[in-house]
Each structure stands twice: as structure tokens, then as C-alpha cells.
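K.L.:
Here the protein sequences come in this chain order: A and B. Numbering of the first sequence is given in my numbering, commencing with residue 1 and proceeding in unit increments. Numbering of the second sequence is given in my numbering, commencing with residue 1001 and proceeding in unit increments.
Be aware that one or more of the hints could be misleading.
Unchecked claim - With a Cα cut of at most 27 Å, we get these calculated DSSO-like pairs of lysine-lysine:
no., chain 1, residue 1, chain 2, residue 2
1, A, Lys232, A, Lys192
2, B, Lys1017, A, Lys74
3, B, Lys1101, A, Lys232
4, B, Lys1101, A, Lys192
5, A, Lys220, B, Lys1017
6, B, Lys1087, A, Lys21
7, A, Lys232, B, Lys1003
By construction, these hints were calculated from the structure, which means they are not laboratory data. Predicted, not measured: the structure shown is a model, and the values here were computed from it.
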Amino acid sequence: MAENQRTIEIEVLRYHPEKDKAPYQQVFQVPFTDDMSVLQGVQYIKDYLDGSLSFRWSCRMAICGSCGMMINGKPSLSCETFLRDYYPARVRVEALAHFPIERDLVINMEGFIEKLESIQPYIIPREARTLAQGEYLQTPEQLNVYEQFSSCINCMLCYAACPQFGLNPAFIGPGAMALLHRYNVDSRDGGKAERMELVASEEGVFHCTAVGYCSEVCPKHVDPANAVNQNKTNAAADYFLRFLAPKGGAK
Amino acid sequence: MNKRRPYVRSMDGWWRKNPFFVEYMIHEGTALFVAAYAGILLNGLLHLSRGEAAWNAWLDGLKNPWYVAFHMLALVAIGYHTYTWFKIMPRTMPPVIVGGKRLADGAITGGGLAVAAAASLALLAAVWGMAR
Ligand code: SF4
Ligand code: FES
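Chain B with its partners taken away, still in its complex shape (with noise of 0.2 Å):
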């Protein structure tokens, strides 16, 4: 008779066994926020499509603390989603060559935080500029 009985161990909270999973699915959780947020902006465009009162009473409704208080925490969540993303942005491309050598994890990573982060920047002294 054979003997073998292979056992299949439980996937059940796989996530939750290593820290490396864990700071995945917080990445992946982060990304509700960055929804949530693309949801206010399509909001506040509808509301823009209304007319003027219907445009100044959703930026009142922005000025609730418990607002503010969410935007503080989106804020927070997508800075680390941006973080994460671009942590991992170098296993996802083809190799990049520069002058004949590989260009390093960290080029291409600390390369996307300083496009994010410059891109960020501009938009908000663009918005900043527009609302003078």
C-alpha cells in the first residue's frame, strides 16, 4: 500500500505570518485611499457642473474638520502607496543600460520619487498660482 499522504498546509491569514506581506497588503489597502480621493475630486467636478451654489457649498463641506482630518490621513496613505510603488518599480521593467552598465534599483527608485515628488509640486504652485 502507499504510504504517501502529502499534507497541504492552511493558507488562512497568509498576510499576517510575515512582515514583508504585511507592508504588502498595507500597500495594496492604501490604494482604497488614492480611490477614495480620485471620488472626491469626480464630486467636486460634478458639483462645479451645477453651478456656482452648488460649487460653494461642496467647498464648505470640505472645510469640516473631520474632512480636513480624512484629507491628513489620505495624505499619509498615498505618500507611502507612492513610496511602495516605486520601491517595486525596478522588478517590474525590462533592464535599463547606461553607458554600458545596468542602472541600479535604487537609481530607478529614488529616480520616481524625485518625478513624483517634482510633479506634485508643480501642480500645487500651479493650483497655488490660480487661486491668488
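Same shape as in the complex, but just chain A (with noise of 0.2 Å):
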């Protein structure tokens, strides 16, 4: 390693259902540079300290989504927070809150996956076009319109930040709901009637009690709780106006 070299502590929550009964605290001493990332760290504990240690990670450049952690107690992706800004204190790692822990810092994200599935997350064509009709259109306008929600690179980081989900896993939570909204308010898509189902379902918007920090924990500045509270109203909206135009439909 490159001069200037220091040591930090990192401790680290583990776990291995093997032989653990419950998860506990361990602290390695761990040599750094100052463009070491904390995802680096724990590398290096896996590479150097002890090898049983379990995390998850791919690109190391904050698109993958893979390497979120609890970083002193804030949900954050590991590979875009440094060590040095911990420095000379200790840094405390554990596996995202909120979700079951599988092994040391890897969650089971099984909840997340349907729920993802659940919404959707594809374009339903409002019209059929033949290839020889040519690509839908689009103008920049409709694009801005949920350009942002489609950042989301499903890092969980914003369900880690979300008490109301932590109280009860089945709420839909931010992420998925960010996406949803993604495609409902996309010009191409007529999936809308759909998805709305979801949105006022038990496990929908309603669970959400506006507390915020999923956006400002999101890495990638989609505002999940704009998507969710958007959807108040829409399902709101919806309610109501079923009254006045009843189409039948609604379960």
C-alpha cells in the first residue's frame, strides 16, 4: 500500500445462521489510504482479516446498487463513502436495517423482488404499434416528467430509511412506488388503471406517514417520497371520481 498509509477500526455486525443465534459486534483494525472507499475496507478484511466475511457489491461506482450497508447508522452504498471521513473514530457497518439478515452484511431481498415484480416495471403500450408504424414519440417535456424516477438503481437504500416499512415489510415501500410512478405518468404507457390497484391497496401508499428520509437517504436523487405522496392523491383522486364516472373495474 501507498505511503501515508493509516489504521482504522471498523466494526462490523455478524452473522452466520450456521452458528450464530443471534448477529454480534466485530472490530478489525484495518489499514487505509485516503481513497479508500468503506467497501474497500471490508474487502480488505475479507482479502487479509477473515474470509468467511459476506457482502454483496459489483461495479464499486455507486450504479450497480449492490453494496448498500448501514454506515453508522445510515443507510448508504458502501463504494461511494469514504474511510477517511471517519477518521480517527471508528466506522460501524451492518446490513441494511429493515430487512432480514441471510449472512453479515447481505440482506434477503426476496420482498423487494416481488414487489418489483408486482408493479410492473415495463412499459404497457397505451396503443399497439406495428414496427412499420416506427418508435413512439416522445417530447422533451414528457421525458422530464419521470426521467428522474427512472434513476432508481433499486439499491434498497431508501426501504433501510423507511420506519413505516421496518414496522411492517409488507408495505410497498419507496423504491417500488418510485418506479411504478415511473411508468404511470410515461406517455407510451397505458398500464395506469392497473398499477393504481396497487397503489390504494393495504400494502400501498396509505402506510406512508410522510417522515422523508428515503429521499434524502436515495443516492440517486429520484425522491421516492415525492412518487409515494403523488400517489396519495392519484388513489385519492381516483376514489372520488370513481363516483362521478363509474366504469366498473375496481376490486
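Take each chain as given, in its own frame, and dock them per the hints.
P.N.:
This is the structure we're talking about:
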């Protein structure tokens, strides 16, 4: 390693289901340089100190969304969080809050994947077009309406920031709702009516009490709280408009 | 045999674990002062409907130093509630497009606070004028 190397303490919440009844803390002394991320610190532990440490990562450039951890209690992407910002204090890393711990820093994300599937995260064409008719056109204004919500990288930091999800894991939650909104407000999409049933359902937006921390921690400035709260209004409007224009279809 | 045994952490005391959540709970807590104050005003209205003597008795009651202290406390609490309420307002509404550009969060929060301050001052001026 390069010069001006220092040593920082990294405290990791460990859990190996085959031997541990409950998670426990373990502290490692990790030599680091100024350019090292928390992810690199954890990788150092795995490579040189304890090969049994488990965690997820891939791109190490804040785009794949797999390296989310609680770093000193805050949901963060460990690849864009730097050890130098904590030194000389100890850094605490823990698996993303509110999710079951599968092993060490690895969470169980099955519930999230199911939610992602349930929102139908793809364009359901408003009108069928043949190849000969050409592409679907969109104005910059129409793009603006959803672009921010399409930046989501499924990192789940917003779920780790949402106490309502922690208290009730069935809540569809901020990230999936941001993506649902992304498709609902896309001018090419015609699936809104189907998705709105989910928005207004038991697991839908009305679980949200506008804590707003999800938007605070989102590394891609998606503002998922905004998607959730706009859809409270949409769901309420649907509910009342139904009495004015009964067309059926609501379950 | 399946070795998976996903561990679910407890949510006990969740709001104490993060300063953001503490602020959220204080925001929610100050709503109680808003409700209490509405109760005080309703009580005044009730006394007013019972005639002059009852109304004056209620007014005298308000002069109690404990009551005055409560009013000061309620003012601070409601002020904090107003501030945090407008702070999250940009999160709760559709984007506002002005001149082809999206209005910044700070402008929405600032605008809300300015309207709240102006409305409070106008009300204060009106009541002041009536009381003289
Ligand atoms: S909304 Fe933001 S925090 Fe939530 S999953 Fe998407 S990118 Fe991550
Ligand atoms: S490793 Fe891909 S987002 Fe951090």
C-alpha cells in the first residue's frame, strides 16, 4: 500500500446462521489510504483478516446498487462512502436496516424483488403499433415528467430509511413506488389503471406517514417520497372520481 | 438441510436510533399542541355562547401565569410544526413548473413559510384592531 497509510477500526455486524443465534459486533483494524471507500475497507477484511465475511458488491461506482449498508447508522452505498471521512473514529457497518439478515452484511431481498415484479416495471403500450408505424415519439416535456424516477438503481437504501417498512414489511415501499410512478406517468404507457389498484391497496401508499428520510438517503436523487405522496393524491382522486364516472373494473 | 435462517432485527426504539427520526417524532408530537390549542379556542367559544359572565370568567382564566406559560410553549411548538411541515411540502406535491423549469424545493418551502407568516400577521392585525 501507498505511503501516508493509517489504520482505522471497522466494526462489523456479523451473523452466520449455521452457528450464531443472533448477530454480534466484531472489530477489525484496517490499514487504509485516503482514496479507500468503506467497501474497499470491507474487502480488505475479507482478503487479509477474515475470509468468511460476506457482503454484496459489483460495480464499485455507485451504479449497480448492490453495496448498500448501514454506515454509522445511515443507509449508504459503501462504494461511494470514504473511510477518511470517519477517521480517527471507528466506522460501524451493518446490513441494511429493516431487511432480514441472510449472512453478515447480506440481506434477504426476496420481498423487494416480489414487489418489483408486482408493479409491472415495463411499458404497457397505450396503443399497439406495428414496426412499420415506427417508434413511439416523446417530447422533452413528456420525458421530464418521469426521468427522475427512472434513475432508480434498486439499491434499497430508501427501504432501510423507512420506519413504516420496518414496522410493516408488506408495505410496497418507496423504491418500488418510485418505479411504479415512473411507468404510470410515461406518455407511452397505458397500464396506469392496473397499477393504481396496487397503489390504493392495503399494502399501498397510505402506509406512508411522510417521514421523508427515504428521499434524503437516495443516492440517485429519485425522491421516492415524492412518488409515494403524489400517488396518495392520485389514489384519493380515483376513489372520488369513481362515483362520478362509474366504469367498473375496480376490485 | 437448508442452512438459511434470516435474522429479523427488532424495531424497538427505532425513532431514537437516528436524528432524522427524532426530528420526525418531535414534528408529530408538536401536532398535539395544535390540537390542544384548538381545544382552548373551542372552549372559549363555548363560554361565549353562555353569555357575558361566562366569557369574562374564561378571559380571566387565561391570565393565569400557568396559562400564559402554556401559550408561550404552544407558540414555540406550533412554530416548529409549521417550519417542519413546510420543509417536507416539496416532497408531497407534483412538480411545479415555472417558465419551463422546475421550482426548487427551497422556493416551495420559503413560499409556504412566507404565506404562513403573512396570514398570521394579518390575523394578529385584525384581532388587534378589533380589540381596541
Ligand atoms: S429510490 Fe433511490 S434509494 Fe430507493 S432503491 Fe431507488 S435509487 Fe435506491
Ligand atoms: S458496488 Fe455498485 S453501487 Fe456500490
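K.L.:
Confirm or reject each hint.
P.N.:
Hints, verified against the model:
1. A:Lys232 with A:Lys192: 14 Å, holds
2. B:Lys1017 with A:Lys74: Judged against 27 Å, a Cα distance of about 10 Å means the pair holds.
3. B:Lys1101 with A:Lys232: With a Cα-Cα distance of about 24 Å, the restraint between B:Lys1101 and A:Lys232 holds, given a limit of 27 Å.
4. B:Lys1101 with A:Lys192: Answer holds: B:Lys1101 to A:Lys192 is near 26 Å, not above 27 Å.
5. A:Lys220 with B:Lys1017: At roughly 24 Å apart (the allowed maximum being 27 Å), B:Lys1017 and A:Lys220 satisfy the hint.
6. B:Lys1087 with A:Lys21: 43 Å, violated
7. A:Lys232 with B:Lys1003: 41 Å, violated
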